[in-house]
Amino acid sequence: MKLNRKNRRPGLGFLKLLCTVYCALFTLLAPALSWAQAQSALDSGDTAWMLVATALVLFMTIPGLALFYGGLVRAKNVLSVLMQCFAITCLVSILWLVGVYSLVFDSGSGFLGGLSKMFLFHIGRTAQNGSIPEALFSMFQMTFAIITPALIIGAFAERMKFSAVLLFTGLWLVLVYAPIAHWVWGPDGWLNQMGALDFAGGMVVHISAGVAGLVSALVLGKRKGYPATPMPPHSMTLCVVGASMLWVGWFGFNAGSALAANGVASAAMVATHIAGAAAALSWMFMEWIKHGKPSVLGIVSGAVAGLALVTPGSGFVGPVGALGMGIVAGIACQWGASSLKRRFGYDDALDAFGVHGVGGFLGVILTGLFASPLLGGFQQGMTFARQLPVQFLGAVATLAYSALGTFIILQGVKALLGLRVNPEEETEGLDVSLHDERGYNF
Amino acid sequence: MKLNRKNRRPGLGFLKLLCTVYCALFTLLAPALSWAQAQSALDSGDTAWMLVATALVLFMTIPGLALFYGGLVRAKNVLSVLMQCFAITCLVSILWLVGVYSLVFDSGSGFLGGLSKMFLFHIGRTAQNGSIPEALFSMFQMTFAIITPALIIGAFAERMKFSAVLLFTGLWLVLVYAPIAHWVWGPDGWLNQMGALDFAGGMVVHISAGVAGLVSALVLGKRKGYPATPMPPHSMTLCVVGASMLWVGWFGFNAGSALAANGVASAAMVATHIAGAAAALSWMFMEWIKHGKPSVLGIVSGAVAGLALVTPGSGFVGPVGALGMGIVAGIACQWGASSLKRRFGYDDALDAFGVHGVGGFLGVILTGLFASPLLGGFQQGMTFARQLPVQFLGAVATLAYSALGTFIILQGVKALLGLRVNPEEETEGLDVSLHDERGYNF
Amino acid sequence: MKLNRKNRRPGLGFLKLLCTVYCALFTLLAPALSWAQAQSALDSGDTAWMLVATALVLFMTIPGLALFYGGLVRAKNVLSVLMQCFAITCLVSILWLVGVYSLVFDSGSGFLGGLSKMFLFHIGRTAQNGSIPEALFSMFQMTFAIITPALIIGAFAERMKFSAVLLFTGLWLVLVYAPIAHWVWGPDGWLNQMGALDFAGGMVVHISAGVAGLVSALVLGKRKGYPATPMPPHSMTLCVVGASMLWVGWFGFNAGSALAANGVASAAMVATHIAGAAAALSWMFMEWIKHGKPSVLGIVSGAVAGLALVTPGSGFVGPVGALGMGIVAGIACQWGASSLKRRFGYDDALDAFGVHGVGGFLGVILTGLFASPLLGGFQQGMTFARQLPVQFLGAVATLAYSALGTFIILQGVKALLGLRVNPEEETEGLDVSLHDERGYNF
Amino acid sequence: MKLILAMIKPNKLDEVHQELTGLGIGGMTALEVKGYGRQKGHTEKYRGAEYQIEFLPKIMILVAVNSDLTEKAVQAIAAAAKTGNIGDGKIFVLSLEEALRIRTGETGPDAI
Amino acid sequence: MKLILAMIKPNKLDEVHQELTGLGIGGMTALEVKGYGRQKGHTEKYRGAEYQIEFLPKIMILVAVNSDLTEKAVQAIAAAAKTGNIGDGKIFVLSLEEALRIRTGETGPDAI
Amino acid sequence: MKLILAMIKPNKLDEVHQELTGLGIGGMTALEVKGYGRQKGHTEKYRGAEYQIEFLPKIMILVAVNSDLTEKAVQAIAAAAKTGNIGDGKIFVLSLEEALRIRTGETGPDAI
Ligand SMILES: Nc1ncnc2c1ncn2[C@@H]1O[C@H](COP(=O)(O)OP(=O)(O)O)[C@@H](O)[C@H]1O
Ligand SMILES: Nc1ncnc2c1ncn2[C@@H]1O[C@H](COP(=O)(O)OP(=O)(O)O)[C@@H](O)[C@H]1O
Ligand SMILES: Nc1ncnc2c1ncn2[C@@H]1O[C@H](COP(=O)(O)OP(=O)(O)O)[C@@H](O)[C@H]1O
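Chains as they are written, first to last, in the working numbering: chain F, 30 to 471; chain G, 30 to 471; chain A, 30 to 471; chain Y, 226 to 337; chain W, 226 to 337; chain L, 226 to 337.
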């Protein structure tokens, strides 16, 4: 959502006097005005919704994503996944406060924001962003910065050192996430200026994390025994619980991105839900046709794929557009998580790229289609000819930047700490070897 | 919810003419005004609450009910239950968008709504229902349509074909749920017109699902080995988690049915919570007396029973009424889930009828008592003589219609696909035989 | 508070002058009126947030705390923990309605409230507390009264009789919780009058529960085999899920304590989150340094410690203050849960005292520091010299009163019912011996 | 004395248990195992990757009996566990040199 | 060589293990089993339906020992596992024909 | 007939299984056990309390074979399970007195 404020040129021609008076008045009124604006614009309903939306998006990572991913790994590695999700949550939160919020949402250049909002200085309880407190806006956006690196871990699960995960996350957040988020959502970000549409993070979250996952999977290499040894999910039950929580939390993610409790949020909720449901069914039926049986992992993966794909468009597309996007998501991401992966032989353990990379990319492009009122969308005045190239440019730029940044950071981390646990630790399982704990003691 | 608008008589003294003109103008403008009001009255607070209430009710089904039911079955069938809940969520969502919302909430006849709201056409971001966006109203109601068929699966758990569950759900939603919901909540539904009180779905959700469960259990027959073989819950832990989520989500269900964040919603929340707590304790103490030990399954079943029973009355009864209804729920539903079931020997596997059928029926009747201000309720001007027969009629009508409809649909599905898995599949467990997956690989 | 609707008598006859005067007056009075209205009007946004905050805090106990604690015990006792949390929820809810709400929030003496609000009499749908319905205020506060005794059970887990837990909870709620909560939050509570700062329950919840836990652990004695026999958590997975839910729910706890959706709530949310994240990291790194490996139990315990410690200050301290408080929490509570406990050899099974007692105490004191604008806090006009002694007095008073009250109540319960299960029951596990059920049947 | 080891279908434990107690055998030990044999396993599929599961859940029973009861016990187990379908399982008999009841210290046939 | 099979109470594993290592026995294998015997089980109740649980959790230990150590090992296990209450368990001794240490290929007594 | 008991590393089951089927052995039973031996265990830590875990996860395989196949089977298992590291496991051979296939009632070598 963008605010378009048009500059009004008041003074015209020779009316010096008028201009002077105007300026004097403006100066006099400025504090009162700004106070009045700030005071009058806080909306308790919008604030209520955003408080909850923030809680919902945090809920997506812990415990949502942690369970979804945790259920998919083998029992000996379940804690390592939970630990990574939890530690990423904490680390990103602190870094966000220290400076990343400022780098993203402060105005600076088209590439990166400034540093005037470090530590939320001068923000306090009264500064506002639109109709909600700015502190709340910052919290809400923090939850996005949390889930994005947490999505990546799906790709390198079951084999990366914990210390390396921490260092990687910190560097990636500052060097990859912050710039991309600024491009797309920063007040002066270049993609924002170009009019790229990304309602809730198709580029910022899903493409950037999905591609980072692919690069990590390639750099780290396959898990010992992959693909010969079966590595079935140790608890599909946890996995379903996690996926369900992701779904519910996604309402905060997408409808919360309206930053208000209004018709836009409601329409975004509808689009989100319908795309998730449609993708779940399309993945399930595809699999039923191809493999003879519908699977639980299939239907929940489909839901996540649909929710991811519709994310950039959720505030712009109508319910029928969302239905279409969902159907595409189920088919395309299934292909990404099975055929594509097997074709190229990389070990994207939990399909971070197959689902979020593929889904995010397609979602950004399809948003350029279905946002159009011609296809039931809400983006008045949009033309395909103008929008589609921008969407494509945005998708490719974030993809390329994330790939490159991730690759470089991984090399640095490798040099400093090493990336992989040793083979004995991998065989024993990360839970015991890295954390001296076990997931279950029945 | 009813709006009490008091007519204000403006005319004063001798200005008859002015008064007449005023009245005439008012009459002329009324429709326009009321339309304008509808458009202008969007309340961000109400919208915020309903966004969340929607998320909460979805949370009740996935993962809430899925876990509650999933924990109660044997380990070899846990995924089949999760799969059914998840797939029902997806399927109902799509059908709701396509036309079921319209069939329920569009005006049509007293029996069924029209089709003008198919695909949410013309609703977009701006149409309103009361003080919230209509798209949001539709989403909220969708979550009720999702949980109702999901409740039914408790009755036929561990033995029904997945394909049959899907087909049954689709048909049941259109042929049974849509009409009943329209009768009770549709603008021109016949029970609505008669003044039947059903705040959040005692008839629409609990009676209809509970009875459908009973009929399914009878038509499908008992599980292999029931009741000789013990079939203890495979994970009471999951079951408690699910019940807790149901409880929390029920605040969205009942307090959300106020469609606003106000005193009605708050009173509904109080009634809901107190009834749940009272029923949990009454079930627990009854069991403690009868069997010598209080059980976890007992206390959580009691909570669900109380929450179900108070549902139709939650917006009308006071806290003391809710206390009474809760105590009744714990005792009556315990009888439904044990004595009644054993007496007649049907295999209502997870007590969909014992809890929701019995609780729903009693709740609808007791609402006709406790809604009265005489008993601490909020339904001004209510008389028992007028209300109780209407409540009874509503309960019996929904019971009979759901029973008949369910029976016919099951015969149809049986003819087309068959209802039960074969005995080998049942022995092996539905997870492996229908979905090629297992719940746990420790 | 009640809504005062003033009847407006419009224009009278031909008295133009009067009308003009009226209009002028109205214009003049408008701001005053709107202010008066603001005080008395129900705010749907605030109400929306408080409905949700209530749900969030209930969610903290069931299933949040139940899972956090349930995962930490051995598999044979998991249900006993879930049962205690669930039964406490129900019992406290009923007692709250009956009279405890009144004892806390009705005005009475400085020590205890009156009884005029028993059964929420005369409160109904329209009474307000600030900008929200009073019924909702009561519900929100109920959830605090639920979680406080539930926290205590961590100390005496795996060995206390269920009947004794129930009786203890009822007595403790009335005799310990109600007075302390009235002192701190009651309109005429003596600590409240003295200006003690406790935004969301550092004294009322954490000190009172933590100390009660310590006393219970001492009175009941150690678990059989402690500390020689290893008693590792049976499911760290559940434990992480529970901790995550606690975190998310804590937003309702702390930000909800603003009783409104505004800047105070937002700032409280920021402080809460930052303290949780900082404490999680500080506990984790301390452990990494001391023991060589970072553990999942460490990071989640740290998060809970930080959330607990910041609770009394959450609405008063700035983000940097919260960061400081969080770092302290991780270090101090780790010491409380390991060194301190081992030094004195009591068996505080799940560290109710080590985390909540230590964290609560420090939090109340540190609030007296970081609330100051000098340290980035929001408590205008606060001086250390005045505030710190009050904070200290409050902390010590609640500590002493809770310790004494708990001790006396335990003696009473011991005399009436006995406190501990017998050794055979303890060896067999409380699930089977007290509840005839088992947590898992794989 | 003999030690009988029997692998049976999981849902046959109750029947086998009843038969044995019917013979007056007052003790046995059971455990969950995975069996491979002629009964074919099943396939599990996760995101398109197929896993051939060749080991199927079985229950193994250990019963120490006095030599004279061995034959009867074996027949009882076989009768109760039989469904006639592949995968019914096997019974193995080992010679048991010594037995001891921990509680009482009894040894030999008395200990069983 | 002998193979000792002992069913003991679950909370006795540590003590038994200590006794055996005290004897210089450097290897053993343990597993969770369900035992049926004189010790009565318990009842589980779910919504009024009662299940009689007759198999109780026990731990089974397998220890291969050289023949000369057998008696001592059996006595050590019995001593450590004994509580004097019903359900203490049983010890069975089988004759072991051959043993092999996979890592080194050693066989016979050396392999144990 | 012999009954082979082998304790192996958990991730070696597939290889052992393949070797044995390669020899034409058509049945076996596997279960999860905890092994104690020279391989040192690990430490688990929970809130500063350390637990020394001495029993490590192993898999135990039971294979009944005809006497002539015994040596080959033992060698095959040893070959497949060997990594050369401590903890590779042990193989024990017992004499099997009788075998019976429940489904058909066949006994002796035919039953295996
Ligand atoms: N040689 C063997 N050694 C050990 N266990 C065996 C052997 N052969 C079969 N079993 C066990 O018996 C079970 C049933 O054997 P299977 O060949 O599937 O069926 P059937 O006994 O009906 O021919 C297997 O799952 C396995 O547990
Ligand atoms: N005949 C038997 N064969 C195999 N295991 C047995 C036998 N008898 C007893 N057991 C095992 O020993 C355990 C203890 O036996 P039980 O009769 O309950 O107590 P006690 O040994 O003190 O008389 C049983 O739970 C079972 O595991
Ligand atoms: N005496 C024994 N009796 C039973 N099982 C044993 C014995 N010794 C070893 N084992 C089993 O063999 C496994 C491997 O033994 P270990 O001494 O650790 O390594 P290695 O065999 O390489 O010397 C153990 O974990 C245990 O399960």
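It is worth saying that the hints were derived from the structure and are not from the lab.
Mixed in with the good hints, there may be bad ones.
Under the rule of at most 30 Å between Cα atoms (straight-line distance), these lysine-lysine pairs were calculated in the DSBU-like manner [claimed, not checked]:
#, chain 1, residue 1, chain 2, residue 2
1, L, 265, Y, 265
2, L, 265, Y, 307
3, L, 297, F, 443
4, G, 319, A, 322
5, A, 319, W, 265
6, L, 307, L, 265
7, Y, 265, F, 253
8, A, 251, W, 297
9, A, 253, L, 297
10, Y, 265, G, 253
11, A, 319, A, 251
12, Y, 297, F, 322
13, F, 322, G, 251
14, A, 251, G, 322
15, Y, 265, F, 319
16, F, 251, L, 265
17, G, 322, G, 251
18, A, 251, F, 251
19, L, 307, F, 251
20, F, 319, F, 253
21, A, 319, G, 322
22, A, 319, L, 265
23, L, 265, W, 307
24, W, 307, G, 253
25, W, 265, Y, 307
26, Y, 265, G, 251
27, A, 443, W, 297
28, A, 443, F, 443
29, F, 253, L, 307
Simulated DEER-style distance windows between Cβ atoms [claimed, not checked]:
#, chain 1, residue 1, chain 2, residue 2, range
30, F, 204, Y, 267, 39 to 49 Å
31, W, 333, F, 374, 43 to 53 Å
32, F, 216, A, 223, 44 to 54 Å
Just so it is clear, the structure is predicted and the values come from calculations on it, not from any experiment.
Cβ coordinates follow ideal geometry from the N, Cα and C atoms, glycine included.
Hint by hint, here is what the structure shows:
1. L/265 <-> Y/265: violated, 38 Å
2. L/265 <-> Y/307: violated, 44 Å
3. L/297 <-> F/443: violated, 47 Å
4. G/319 <-> A/322: violated, 51 Å
5. A/319 <-> W/265: violated, 47 Å
6. L/307 <-> L/265: holds, 18 Å
7. Y/265 <-> F/253: Holds: residue 265 of chain Y and residue 253 of chain F sit about 28 Å apart, inside 30 Å.
8. A/251 <-> W/297: violated, 35 Å
9. A/253 <-> L/297: violated, 50 Å
10. Y/265 <-> G/253: holds, 23 Å
11. A/319 <-> A/251: holds, 27 Å
12. Y/297 <-> F/322: With a Cα-Cα distance of about 45 Å, the restraint between residue 297 of chain Y and residue 322 of chain F is violated, given a limit of 30 Å.
13. F/322 <-> G/251: Given pair residue 322 of chain F, residue 251 of chain G holds - Cα atoms ~25 Å apart, limit 30 Å.
14. A/251 <-> G/322: With a Cα-Cα distance of about 25 Å, the restraint between residue 251 of chain A and residue 322 of chain G holds, given a limit of 30 Å.
15. Y/265 <-> F/319: holds, 22 Å
16. F/251 <-> L/265: holds, 28 Å
17. G/322 <-> G/251: Holds, at roughly 28 Å.
18. A/251 <-> F/251: violated, 48 Å
19. L/307 <-> F/251: This hinted pair holds, its Cα atoms lying about 23 Å apart.
20. F/319 <-> F/253: Holds. Residue 319 of chain F to residue 253 of chain F sits at ~29 Å (cutoff 30 Å).
21. A/319 <-> G/322: violated, 46 Å
22. A/319 <-> L/265: holds, 22 Å
23. L/265 <-> W/307: holds, 28 Å
24. W/307 <-> G/253: Distance of about 42 Å is beyond 30 Å: violated.
25. W/265 <-> Y/307: holds, 28 Å
26. Y/265 <-> G/251: holds, 28 Å
27. A/443 <-> W/297: Status violated; Cα separation ~47 Å.
28. A/443 <-> F/443: violated, 61 Å
29. F/253 <-> L/307: holds, 17 Å
30. F/204 <-> Y/267: 39 to 49 Å: Since residue 204 of chain F and residue 267 of chain Y have Cβ atoms about 47 Å apart, the given range 39 to 49 Å holds.
31. W/333 <-> F/374: 43 to 53 Å: About 47 Å separates the Cβ atoms of residue 333 of chain W and residue 374 of chain F, which means 43 to 53 Å holds.
32. F/216 <-> A/223: 44 to 54 Å: holds, 47 Å
In this structure, the hints that do not hold are numbers 1, 2, 3, 4, 5, 8, 9, 12, 18, 21, 24, 27, 28, in rising order.
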